[in-house]
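Put together the whole structure using the sequences plus the hints.
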Amino acid sequence: MKQATLEDAARLVRDGQTVTIGGTLSQRIPAAMVRELARAGVKGLHLIKPSPGFDADVLAAAGALASVRAGMTTLEQPFGMAPSFRRAAEAGEVKVIENACPAVMASLQAAAFGLPFQAVAGLDGSEVPEISEFARVKDPFTGDDVWVVPAVRPDWAILHVHEADLRGNARIYGTPVWDRLMSRAAKRVILTAEKIMPTEHFVAQPELTVVSELFVEAVVHAPMGAWPTAVYPDYDIDEAAMRRYLQLSRTPEGFRQYLDDTAAQDHARIEAAA
Amino acid sequence: MKQATLEDAARLVRDGQTVTIGGTLSQRIPAAMVRELARAGVKGLHLIKPSPGFDADVLAAAGALASVRAGMTTLEQPFGMAPSFRRAAEAGEVKVIENACPAVMASLQAAAFGLPFQAVAGLDGSEVPEISEFARVKDPFTGDDVWVVPAVRPDWAILHVHEADLRGNARIYGTPVWDRLMSRAAKRVILTAEKIMPTEHFVAQPELTVVSELFVEAVVHAPMGAWPTAVYPDYDIDEAAMRRYLQLSRTPEGFRQYLDDTAAQDHARIEAAA
Amino acid sequence: MSAAYAPADIMACAMARQIRNHEITFVGVNSPLPLAAVELARRHHAPLANFVSVGGGVNPKVERIIAATSSAELGRGSASIFDNQEVYGLNGRGGIDLTFLGMAQVDASGRVNSSYVGDRDQPKVRFPGGGGAPAILPKAKRAILWRAGHSKNIFVDKVEFVTSQGNLERIVTPLCVFRFENGALRLDSIHPNVTREELADKTGFTIPNLADAPVTPAPTDEELAILRAIDPDNVRRIEFGPQ
Amino acid sequence: MSAAYAPADIMACAMARQIRNHEITFVGVNSPLPLAAVELARRHHAPLANFVSVGGGVNPKVERIIAATSSAELGRGSASIFDNQEVYGLNGRGGIDLTFLGMAQVDASGRVNSSYVGDRDQPKVRFPGGGGAPAILPKAKRAILWRAGHSKNIFVDKVEFVTSQGNLERIVTPLCVFRFENGALRLDSIHPNVTREELADKTGFTIPNLADAPVTPAPTDEELAILRAIDPDNVRRIEFGPQ
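Protein chains in written order, with the working numbering: chain A, 296 to 569; chain B, 296 to 569; chain C, 8 to 250; chain D, 8 to 250.
In short, the hints are calculated from the structure, not lab data.
From a predicted model like this one, the values you see are computed outputs, not experimental measurements.
Do not rely on the hints blindly, as some may be mistaken.
[Unchecked claim] Among the chain A residues that face chain B by a calculated CB cut under 7 angstroms, a handful are:
(1) Gly358
(2) Leu410
(3) Pro411
(4) Phe412
(5) Ala414
Using N, Cα and C, we set each Cβ at its ideal position, and we do this for glycine too.
Structure (structure tokens):
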């Protein structure tokens with residue numbers, strides 16, 4: 296489809312699929328798309344992401360998550376832990392696949408290179424591998440035991456970027472966090488972008504392109520699409536909006552109100568951009 | 296040491312060490328540094344590189360190579376195979392660790408991430424793994440057999456780049472081929488650079504930096520440092536110079552003459568730049 | 008009726024005709040003929056073919072055919088740069104639809120030797136090595152081999168060493184196109200003006216359907232015009248040596 | 008004699024004093040205090056310390072301490088950008104000399120629980136998870152943990168679940184600095200104006216050398232001046248909650 300509305304792109308994601316979501320904690324989360332998934336009522340998603348935050352919290356509040364494979368889930372300072380995720384985890388509604396960031400990375404790297412599994416450095420003395428989807432393999436060259444994790448290939452990588460063209464080439468300024476890896480590990484990519492730029496912009500400095508058109512299924516022009524999370528250097532975390540979300544998301548009714556309240560704005564921004 | 300002369304940098308490389316060398320075939324080879332290694336008389340080097348070319352040929356002609364772990368070794372069209380490498384291989388003077396480019400890549404990736412080994416995709420039906428340093432491992436998640444290769448951590452990555460600062464930050468324009476990976480896999484990096492730029496140049500667009508100062512031991516300002524191989528878009532292969540090299544390198548005396556003939560030029564260019 | 012053409016030209020056409028819109032076609036090192044084929048296809052019947060070059064380009068602009076296809080020139084006009092890790096990642100996860108691969112020798116069962124002949128530690132002939140082929144042949148959906156020569160040293164009954172094998176579809180030579188079917192090479196088509204006797208003489212294995220196979224359609228004027236436009240210096244013929 | 012200071016200030020100083028020139032120090036997410044410590048060290052005794060931030064920077068310019076240390080702000084002024092794969096590559100191959108890591112609980116044997124308390128599938132308390140710590144603690148040459156609280160729920164005798172353990176060197180708290188030695192936590196120093204009784208009361212395990220340990224040197228005027236300059240809004244105190 297490539298150029299898409301928020302609604303069209305959200306419809307690509309089906310119940311029970313595995314998704315990975317760009318950004319980290321409260322930074323450059325494709326928040327408009329995550330809210331749209333919640334509005335669309337998608338259920339049973341498996342989220343794989345080393346460091347989820349606002350995304351996991353919204354999807355947990357929406358009851359959209361079956362499992363989370365993560366190293367750490369938090370909204371970070373000054374907000375603390377992701378409360379809806381925490382509530383769902385403590386109620387046993389979301390299966391937490393206890394992990395470590397570089398082990399989740401290894402599952403995505405294995406997928407990106409078409410390998411069945413990958414070893415993980417470190418983990419000595421940790422009980423995380425014992426309670427999760429890890430296995431011991433003997434290094435055939437040294438005889439030493441090493442922990443390995445399986446490849447996990449998400450159906451979708453959902454990424455919010457600074458700039459994209461309508462073919463799906465995209466730039467991220469500053470750290471891409473895990474987005475480069477996610478775009479290779481997933482079967483297909485859904486982009487939301489602050490700005491749509493002509494392809495010549497990418498051709499002028501192709502070394503800056505983080506996501507290639509070859510990987511991308513849909514491109515949504517979504518200015519402020521990470522709000523209330525931050526997009527460096529364009530906008531910082533909207534602390535008041537984040538606190539309002541945290542207040543409303545304490546109850547199902549409040550969360551529904553949050554989705555409704557933000558719907559007009561999410562869609563208006565995208566229409567204004569179109 | 297960081298800022299260094301060609302001679303100083305060449306002295307870092309000791310007999311019997313493992314090196315990986317940037318560029319590919321006859322493209323962006325750190326040729327001035329490779330010639331200087333030959334002049335310095337270093338012996339017993341183990342070269343690991345998916346696609347060596349001019350570098351392997353010069354080092355083979357110099358009798359500097361103990362082994363080559365490569366997928367393919369050629370000077371590419373219009374020159375054909377690397378003749379001194381071929382001669383040394385056929386005489387049994389250089390041990391050829393028969394391989395495949397992505398398997399050599401996997402050995403470097405494992406080193407770059409501190410893993411003991413890595414799986415390699417594909418290879419079904421190939422006899423390469425049977426005669427080389429590969430092993431069969433059972434995927435603990437599916438029970439399927441998969442070929443793995445050991446990590447190989449080079450002592451040095453020797454790379455020729457477009458631009459570097461004196462701290463060791465470096466840019467490559469166009470494909471970095473394997474250089475990004477090599478700079479992470481090796482213990483330390485030796486850079487030769489077409490241009491020395493101020494650090495602010497890299498700070499202005501840090502996303503373009505391929506090699507970080509953290510990895511780099513020595514930086515040599517070497518304009519035309521890849522000659523007679525190409526540096527896109529600055530200069531193409533010098534076909535006449537390549538043919539002269541191929542002519543001279545047929546005999547030990549001719550090769551010695553080649554090293555002598557090019558010494559003044561290699562050093563003069565670097566002095567002129569300093 | 009076509010204008011005069013060289014073996015390299017009908018080879019480029021035969022290869023180009025396998026390139027399809029929307030698919031991802033990969034061209035590696037040492038590949039001026041496949042490069043010519045891709046650019047011919049893009050200007051002829053497959054303008055929407057995706058082309059990934061080992062020179063770093065994703066759908067780069069190709070104005071002239073070059074001999075050293077590992078050149079970063081083949082990133083020019085691209086909106087992103089794929090280094091070699093990217094290429095092998097794409098290959099490993101099954102993202103390459105069609106690949107062109109060179110080779111030193113191939114046998115009747117479609118097995119390729121690009122490694123060596125003779126003793127392993129002191130080989131009689133050291134070939135360049137398989138490059139990425141051992142991993143690409145089994146992973147690409149379709150693979151087309153080519154070789155600018157056709158002799159009994161190249162097309163052998165049984166290779167001494169198997170560097171690679173896999174999803175081989177066709178082999179394009181100066182004399183014919185082979186098709187790989189049910190584990191064996193068959194004749195897909197014989198080029199115009201090549202006799203079946205000559206082909207049999209220069210092939211080191213028995214061709215099962217030698218008599219029945221059709222003749223390769225000659226390059227059309229349109230195809231030849233495009234080849235001349237993108238390659239006025241006949242770089243695509245370089246693998247045939249000095250003409 | 009020093010000016011008045013908050014617990015966060017002496018913690019930042021205690022952490023900063025462990026940072027050395029030429030070493031590579033890593034600061035991850037949720038780490039305003041370690042960020043303050045690094046910038047204090049760079050402006051005080053370790054101008055040549057290398058600082059890798061999970062925000063992407065290698066020796067970034069830090070003008071103000073920020074709460075969300077995963078922000079790409081911490082790539083500003085850097086000559087290169089490290090994404091998280093780079094960070095874990097560097098860690099995996101042993102390239103991190105010193106790391107600061109947060110945690111939920113730690114026990115007398117220096118084992119950390121940042122995962123959960125109670126039943127695994129329906130935990131009484133779900134913590135954020137260990138992040139990268141399970142792989143960083145064993146690989147970094149030295150690890151310093153910190154926590155902006157000090158109670159028997161945090162410093163426990165034995166954790167129910169071991170998220171991570173490894174090359175732990177010190178733990179910095181509002182009351183003291185612990186040192187990890189021969190498999191056990193000992194008191195490295197107790198902060199000024201903290202009584203040994205209070206420390207024992209708020210610690211869930213017996214401190215072997217409670218009576219003998221020295222007092223943490225108070226922040227110097229110079230250190231406090233730097234902290235105020237880089238953090239006029241006291242963001243480093245944010246983990247202590249509203250003051």
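Quick rundown of the hints versus the structure:
no. : hint   : verdict
1   : Gly358 : 29 angstroms, violated
2   : Leu410 : 4 angstroms, holds
3   : Pro411 : 4 angstroms, holds
4   : Phe412 : 6 angstroms, holds
5   : Ala414 : 4 angstroms, holds
Hint 1 from the earlier list is the only one contradicted by this structure; the remaining hints agree with it.
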